[in-house]
Amino acid sequence: DVKVTQSSRYLVKRTGEKVFLECVQDMDHENMFWYRQDPGLGLRLIYFSYDVKMKEKGDIPEGYSVSREKKERFSLILESASTNQTSMYLCASSPIAGGSYEQYFGPGTRLTVT
Amino acid sequence: GDSVTQMEGPVTLSEEAFLTINCTYTATGYPSLFWYVQYPGEGLQLLLKATKADDKGSNKGFEATYRKETTSFHLEKGSVQVSDSAVYFCALSDLGSNYQLIWGAGTKLIIKP
Numbered sequence: 001d002v003k004v005t006q007s008s009r010y011l012v013k014r015t016g017e018k019v020f021l022e023c024v025q026d027m028d029h030e031n032m033f034w035y036r037q038d039p040g041l042g043l044r045l046i047y048f049s050y051d052v053k054m055k056e057k058g059d060i061p062e063g064y065s066v067s068r069e070k071k072e073r074f075s076l077i078l079e080s081a082s083t084n085q086t087s088m089y090l091c092a093s094s095p096i097a098g099g100s101y102e103q104y105f106g107p108g109t110r111l112t113v114t
Numbered sequence: 001g002d003s004v005t006q007m008e009g010p011v012t013l014s015e016e017a018f019l020t021i022n023c024t025y026t027a028t029g030y031p032s033l034f035w036y037v038q039y040p041g042e043g044l045q046l047l048l049k050a051t052k053a054d055d056k057g058s059n060k061g062f063e064a065t066y067r068k069e070t071t072s073f074h075l076e077k078g079s080v081q082v083s084d085s086a087v088y089f090c091a092l093s094d095l096g097s098n099y100q101l102i103w104g105a106g107t108k109l110i111i112k113p
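Protein sequence lines, in the order shown, are assigned to chains A and B.
FYI, the numbering used here numbers position 44 of the first sequence as 44, with every residue one higher than the one before it.
FYI, the numbering used here numbers position 2 of the second sequence as 2, with every residue one higher than the one before it.
Same shape as in the complex, but just chain B (with noise of 0.2 Å):
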């Protein structure tokens, strides 16, 4: 079935370092791919998404390419803020799921001033 694997936090990260998070998918079909942001004690807010292969998504500095070659949707940021700590989901939809969306485990992501 398909499935989301992202890469294991919490990972700090001193202010306006380059951040990356890993985030690789199986999937029968073709899907669309998330990037979903949770800040403490809110619920998950989507932060940018992608449809198909070689679109990138992008919102408040942060960018995802759809690299259907390496199954991959990895989430970067050029310089990262104090404020943009929070756990970060990775998360996919395709006709396979009946209208679920398949979820990663989550990142914590903590910045440090």
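The following block holds chain A by itself, in its conformation from the complex (with noise of 0.2 Å):
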């Protein structure tokens, strides 16, 4: 089976602090997927990444950046966090062979930034 892991599943954090989500992945998969989560709002993209050292904006990559070093691990990172901020992170990733890109999640970090 495809396992996500999330290095958190709660956190609290206070604003201005740096946060770093990391993402572990274990089935050799091409992409990685950052979403937050809010109600009402759907899921929305943050940001993702296709390869090693690539990535791509998604829809509200706005107060966050993303590291890539290795296959297997996506970093979502927070410079200076805001209560705005405050939502569920869920990671994601899926494979390219197959052509349907499905996308296999981990269990969420559900972070509070007071």
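Keep in mind the hints are simulated off the structure, nothing from the lab.
All values derive from a computational prediction rather than experimental measurement.
Treat the hints with care, since some could be wrong.
[Claimed, not checked] Derived pair list, reagent style DSSO-like, types lysine-lysine, alpha-carbon separation capped at 30 Å:
(1) B/Lys56 to A/Lys3
(2) A/Lys18 to A/Lys3
(3) B/Lys108 to A/Lys57
(4) A/Lys57 to A/Lys70
(5) B/Lys68 to B/Lys49
(6) A/Lys13 to A/Lys53
(7) B/Lys108 to A/Lys3
(8) A/Lys3 to B/Lys52
[Claimed, not checked] From the derived model, a few chain B residues whose C-beta atoms are all more than 10 Å from chain A:
(9) Met7
(10) Leu13
(11) Ala53
(12) Asn59
(13) Val80
(14) Asp84
(15) Ser93
(16) Ser97
[What the hints assert, rightly or not] One-sided excerpt, in silico: chain A residues whose CB lies under 10 Å from chain B:
(17) Gln6
(18) Gly98
(19) Gly108
Ideal Cβ positions, reconstructed from N, Cα and C, are used throughout, including at glycine.
Using the supplied hints, reconstruct the complex from the two chains, each of which is provided in its own coordinate frame.
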């Protein structure tokens, strides 16, 4: 089975802190994604990566950056956390082979910025 | 551009009722279609998928048929259980989506005993 793990299930940070959210997948997938999920707003794509050291902005990249130094690991960075970044963060990976691009998700990190 | 529209929730049903959650799509190519489920406090899980017209995806008693003529992929289950209470997302991918999934807004399902 595909496994996607995220470094924390719950995280509490202070405004202005630099925050790192880590995601690791064990299935050698090329693509990896970061989403945030807020009530009434559905899933919104922050960034995705289709290869090591490659990244593409999603729909809401402002205030975030990403790093992909190894194929299995995709990190989301909040350079200076703000209260409006309190949210559920979901990481996903998907293969290119097969052509359907289904995504496999981690359990999520619920981040609270105070 | 591509889009997915699914029925608004919450949908509230009694245990053992028949479930339908509607999903329609707009796509320029020949998309693959998916249903995901999210249980409270968890990430999303792939529930079922269909990759071409008339395909039926099925899993855990849920079914959905890829209808190209009506651009639909409605989720059905014959007899729901309390444990089916969750949020259900419809999604599509195609060559024009740059490896991404295009998501519906999600439908919350509440099953009462």
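Quick rundown of the hints versus the structure:
| no. | hint | result |
| --- | --- | --- |
| 1 | B/Lys56 to A/Lys3 | holds (26 Å) |
| 2 | A/Lys18 to A/Lys3 | holds (27 Å) |
| 3 | B/Lys108 to A/Lys57 | holds (29 Å) |
| 4 | A/Lys57 to A/Lys70 | holds (19 Å) |
| 5 | B/Lys68 to B/Lys49 | holds (14 Å) |
| 6 | A/Lys13 to A/Lys53 | holds (27 Å) |
| 7 | B/Lys108 to A/Lys3 | holds (25 Å) |
| 8 | A/Lys3 to B/Lys52 | holds (27 Å) |
| 9 | Met7 | holds (14 Å) |
| 10 | Leu13 | holds (22 Å) |
| 11 | Ala53 | holds (14 Å) |
| 12 | Asn59 | holds (13 Å) |
| 13 | Val80 | holds (23 Å) |
| 14 | Asp84 | holds (19 Å) |
| 15 | Ser93 | violated (4 Å) |
| 16 | Ser97 | violated (8 Å) |
| 17 | Gln6 | holds (8 Å) |
| 18 | Gly98 | holds (9 Å) |
| 19 | Gly108 | holds (5 Å) |
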